[in-house]
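**Q** Here is how the chains run, residue by residue.
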Amino acid sequence: MQGDIVFWVQTGLNCLVLGGLLLLIAIGLNIIYGISRVINIAHGSLYALGAYFGYTLVALGLNFFFAILIAPIMVAVVGVIIERIIIQPTRERPMIYSLILTYGLMVFLDGLLKYVWGDQLRFIEIPAFLSKSISLAGIPYPFYRFFILVVTVVVMICLAFLIEKTKLGMAMRAASSIPEMVSVLGINMRYIHMGAFGLGCMLAGIGGIIAGPLFMVYPMMGGEMLISCFVVLVIGGLGSLKGVTIAAFLVGAVQTLGFVFITDFAMVVVYVMMAIILIFMPRGILGEGKFE
Amino acid sequence: MKKGLSILLSLAIASLLVPRQAQTKEPIKIGVPMTLVGIAAQVGIDNRNGILLAAKHKKTIMGRPIKLIIEDEEGKPEIGIRKAEKLVYKDGVVALLGVAFSGVGLAIAGEADRLGVPFLTTNVMTPKFYGISKYVFRCGQLADDQVAVAHAMGILASPDLRKRTYYVLADDYAWGHSCSEAFIDLAQKKDIKIYNPKYDNAALNVVDWSPFVSKVAAAKVDGMYSCLRSPIIPRFVEQAHKFGLMKKIKVIAGGSPSEAALEAGGEAQIGIVTACAWSWDIDTPASKKFADAYWKEFKAVPPSQGCQAYVGAMVLFNAIEKAGSTDPEKIIKALKGATYDGPYGRVRISPKDNCMRTPAVLTETQLAPPNPYGAKIVKKVIARLTPEQVGPPE
Amino acid sequence: MNKMNSSGSGKYSSWLKKNGLRYSMYLLLLLILVMLPFVLTNRFYMRLVTEILIYGLLAMSLDVLLGYTGLLSFMHAAYMGIGAYTIGIFLTYANTSPSLWLSLALGVGVVMLIALPVGWLQVRTGGFAFALLTIAFGMMYYTIVWKARNITGGDDGMFGIPRPKIAIGNWVLGSTGDPIVIYFFTLFIVIICFLITRRIIRSPFGAVLESIRENEERASFIGINVRRFKLQGWMLACTLGGVSGVLFTYLKGSVSPTMMDPSAGGAVLMMTLLGGLGTLWGPFIGAGLFIFGQDYISTMTEHWMIFMGLAVILLVLFMPKGIAGLIEHIIKKMERKVGYKNGNNFKH
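Residue numbers (this note's numbering), protein chains in the order written: chain B, 12 to 303; chain D, 4 to 397; chain A, 1132 to 1479.
No lab work stands behind these hints, which were simulated from the structure alone. Treat each hint with caution, since some may be false.
[Said to hold, decoys possible] No more than 20 Å apart at the CA atoms, straight line, and that leaves these computed lysine to any residue pairs for SDA-like:
1) Lys379/D - Glu136/B
2) Lys250/D - Leu141/B
3) Lys131/D - Pro354/D
Based on the sequences and whatever the hints tell you, model everything.
**A** Written out as structure tokens, the structure is:
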């Protein structure tokens, strides 16, 4: 098995796909932290919400591609509401409170998901041409996974454009460095916070709806992805976008290869990695992050 | 004074309006600890529905109405014990019926002697249950060793399956191990080709199945024996389907996928071979009667696990009736050797080890013919096994 | 003022005035707890109350960690699990009929042995990083327990664990299998742990912990060895958690990995929050509420977790001191009404 080129190409691509998904979710978390200094433990639930919205939209007959556009916007709206009602009042308090708060939010949202959609497995129907398996030089690989990679790249390009080239992005970058100056300049920080949270949630929602057809939709999907995302953030360094990108693919690779070679302990390797970085390199691998 | 009088008066009137307890017979209470949340919720729901339907059909035991008290143990053994104690000590049930997980079943069974009531499980598959306690019985879902036998026989009987080599993938916990070990053991005796006798483990929290799909594909086998849990196997199959793997291999599922998951999964789920006690494809009047009744009551595709739980519940109800009393010792005596002719034939509780001997069917998931349940997928019966064939011998 | 020129009786009467209400409430509570088994004759209720006491102890230990030292742990139940499994394994495989006190010491000792190096590593960080580390280590423990099937029974867990007798020397008080006996034993241990912990928290040591919780940087500026104190707070919390684990095994006679999985960790966190952070006794109420919810509300609806999550959110937003804070508030009001000066100003 080891010497088989088909296996290695497939595995390599699998690493990329998982890394891409982790990146989408982790970047959202990172943006929220970078600008609002809030660690959103409920982020996984918002990812799941994206998947569930996608499931319902498609089940109601909407075209899958439209669903990919609309579901994340719905999640973003939910995010903004959450920010306004729950996060904002606690912004002045010590971070422990926001951790506990978003933890309660996660429990609440997960319970709500179960209530509305039930415990059973949901499948999102995708257009037939997407679920085919295509052959690259004789190596079979699901077309849908390529689609995920494409979406990830597109989203990252749009995000980069937003942050580097637009006024909003500039305000966000400034806000993540020196929030006080931004208010002095007359920009309403409240809107920036809401926007950042909404954007972060939207990214999680995108992750959810494109992961849905792949991993299927079930209430615990958020929690399962969340811990991997935290590992990404720790390794990449909270607040460092470049670090998160590298870390996402690193974790994706470790997790995938872990399941290939040492199944039982794959996640343990991931946890150990996180623990080592947290204890000895709290600024992340690139040393650019800022961890409490 | 006036206030006091008016209060007294209203109380008196209220007490007249309260309906007096009619002289109805006191119901027979049966406790049903079941997993209704979490990953195995569908299994729990199917079981619970089967039990509810049995109570509805049976109506009364010894002329007394049946009262089911259903408690959710969340799939956690320590909560299972707490709920069992609540049912026995607080609610005063005469018997416990149900559970979806072996772990919870074992925990309650460990307390059975102390609880002192009969406990009949409808979904526990672990071989540890044979003769575990005089109060504990098993009826319903096939046990791991029975499943292995049914699959092995099915493989040997089919020329197509016989020649395949099987990659064994198991959920990394007690049931997954016992399921795969039972099969591998038997397969090696019967000369069925196993690719990896040390079987591959899948952690319980796997989200992305692609590493496993790639591994199976790289092994270049043409068959797979899955000991993945019922809610999990459809996920694996879905991802394998995207890789085009399902066209190349035949999957035999030690953990039977639930009908609900098959329906949701659609075409990708076709071609899975699995053994169970019942499928709505069974074409006997008794089977059809059950399937129609289930559909009418729950408006869902009649599931195997629902029928198995139904049978288990009926066995218990009938045993209490046969015992003619709620005395645990008498019920236990009635349960030993109890038989029931149900939707899939005659089921018998062996007095030797308190576990059932049952007929079984080997099925393969196919596109369903037009049917009254709106089902797209059917577990088509490809072989029938008698209780003697299924075993275990007594 | 009165105290200054008074004789002995004046001092006592002013003490009585200041604390009389409080201490009479303690006495009442003790009386209720002792009389409980004779009022609640149903075995199920007795065991439920015992379970609430045990989880209350665990939640209290988390309060020491979170409410006093300011360190958040998402998997604190792991230390209860380690204590429970140690005893479970010991009792199952030991050939002799073990002494209760020996096994108690063993369970607690093993927990301390494991918590020390882990804690030493963890206290180098704080805040979110610390919380993540508790998850990492918690998941490692969980995986080990799961994988070591031959010893721990894996996910089936261990059941039918032998029940030791409670004895002091040769005088046998009863078996842990007896609901009333185990209740009193648990009550005894829990009260002792509570009193010891309260003493520790009210000492200068406790004050240091609280200063670390408020602002780590400043605490280090005034010369406090922050890491050492965090470690000590951690060890206290884990030790108490281990005690609760041992009591758990005595009560249930079985252990399983679900008692130390992420949802169990979350459950104990919610118990502590509900009860009230930084109160020590609040978590007992929180445990009672949570188990009540798990038991009774879950019978009515399987969606009771929605309420729990909502409760956490509302508590953090409006009532961070939890139910205990509310009760304290009411007691203070009562004390003022009855004319006592200021009541007792200490934070409990």
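**Q** Looking at the structure, which of the earlier hints fail to hold?
**A** none
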